[in-house]
Amino acid sequence: MFTQDTKMNLWVLFVIVMSFCGFTNISLKDVETAIIQQDYEQAQQMVEQLLSRELPDSQRHELLYYSGLCHLRLGRYDEARKAYTELIKKKTDTSLRDKAYLGIFDTYYIDGYYKKALNSVTRLLKLSPKSEYLSLMY
Numbered sequence: 081m082f083t084q085d086t087k088m089n090l091w092v093l094f095v096i097v098m099s100f101c102g103f104t105n106i107s108l109k110d111v112e113t114a115i116i117q118q119d120y121e122q123a124q125q126m127v128e129q130l131l132s133r134e135l136p137d138s139q140r141h142e143l144l145y146y147s148g149l150c151h152l153r154l155g156r157y158d159e160a161r162k163a164y165t166e167l168i169k170k171k172t173d174t175s176l177r178d179k180a181y182l183g184i185f186d187t188y189y190i191d192g193y194y195k196k197a198l199n200s201v202t203r204l205l206k207l208s209p210k211s212e213y214l215s216l217m218y
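For the sequence shown, the working numbering gives the first residue as 81, with consecutive numbering after it.
For the record, the hints were derived by calculation from the structure and aren't laboratory data.
On a predicted model such as this, the values are computed, not experimentally measured, just so you know.
Virtual Cβ for every residue (Gly too), placed ideally from N, Cα, C.
The reader is advised that the hints may include incorrect statements.
Stated by the list, open to error - Dumping the calculated EDC-like pairs for lysine to aspartate or glutamate here, alpha-carbon to alpha-carbon at most 16 Å:
#1 210 to 178
#2 206 to 191
#3 210 to 173
#4 196 to 158
#5 206 to 178
#6 162 to 119
#7 171 to 137
#8 169 to 137
#9 170 to 137
#10 109 to 128
#11 162 to 128
Stated by the list, open to error - Just the calculated beta-carbon pair ranges, DEER-fashion:
#12 128 to 173: 19 to 27 Å
#13 84 to 202: 39 to 47 Å
#14 131 to 207: 22 to 30 Å
Generate the whole structure from the sequences, applying the supplied hints.
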């Protein structure tokens, strides 16, 4: 009946209309659910909508991480690096910061910028020599 693109466009239109009418109640959990379902386009759209609201810094930081993750999974490496870099500049908690450095590493590694990838994990090692995420490096 409808193609996948048409369904996505209808969903986006629905969310936009509902948000203008004040009927949306999208939350961080909805973003996480979309990511678990590997619907990164939808998750990124929800992230952008949530970031336009007044939120506590901790939630904004999580949303920046999810934005980077969505862009990474969608192959938008420059956008992913921007989100991760912005998160690192926010002086967020150590866990999110470490995951942001690993996200930057992933984008550079996938893009074939191995020296930059190495620099990002070297920086992580200096900042968090006992990070629980160090085992995730290739």
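Here is how each hint holds up against the structure:
Between residue 210 and residue 178 the CA atoms are separated by roughly 11 Å; this keeps the pair inside 16 Å, and the hint holds. For the hint linking residue 206 to residue 191, the alpha-carbon distance of about 24 Å lies beyond 16 Å, and the restraint is violated. Restraint check: the Cα-Cα separation between residue 210 and residue 173 comes to about 15 Å, which is no more than 16 Å; the hinted pair holds. Between residue 196 and residue 158 the alpha-carbon distance is near 13 Å, which keeps this suggested pair within the 16 Å criterion.
Taken as a hint, the residue 206 and residue 178 pair is honoured in the structure, with Cα atoms around 11 Å apart against an allowance of 16 Å. This hinted pair does not check out: residue 162 and residue 119 have alpha carbons roughly 21 Å apart, beyond 16 Å. Of the supplied pair hints, the one linking residue 171 and residue 137 holds, its CA atoms being roughly 10 Å apart against a limit of 16 Å. Between the alpha carbons of residue 169 and residue 137 the distance comes to roughly 13 Å, so the proposed pair stays at or under 16 Å and holds.
Taking the CA atoms of residue 170 and residue 137, the gap is about 9 Å. The hint holds against a cut of 16 Å. The straight-line distance between the Cα atoms of residue 109 and residue 128 is roughly 14 Å, inside the 16 Å bound, and the hint therefore holds. A hinted pair counts as satisfied when its Cα atoms are at most 16 Å apart, and residue 162 with residue 128 qualifies at roughly 14 Å. The hinted range of 19 to 27 Å is satisfied by residue 128 and residue 173, whose Cβ atoms lie roughly 22 Å apart.
The hinted range of 39 to 47 Å is satisfied by residue 84 and residue 202, whose Cβ atoms lie roughly 41 Å apart. Separated by about 25 Å at the C-beta atoms, residue 131 and residue 207 satisfy the suggested range of 22 to 30 Å.
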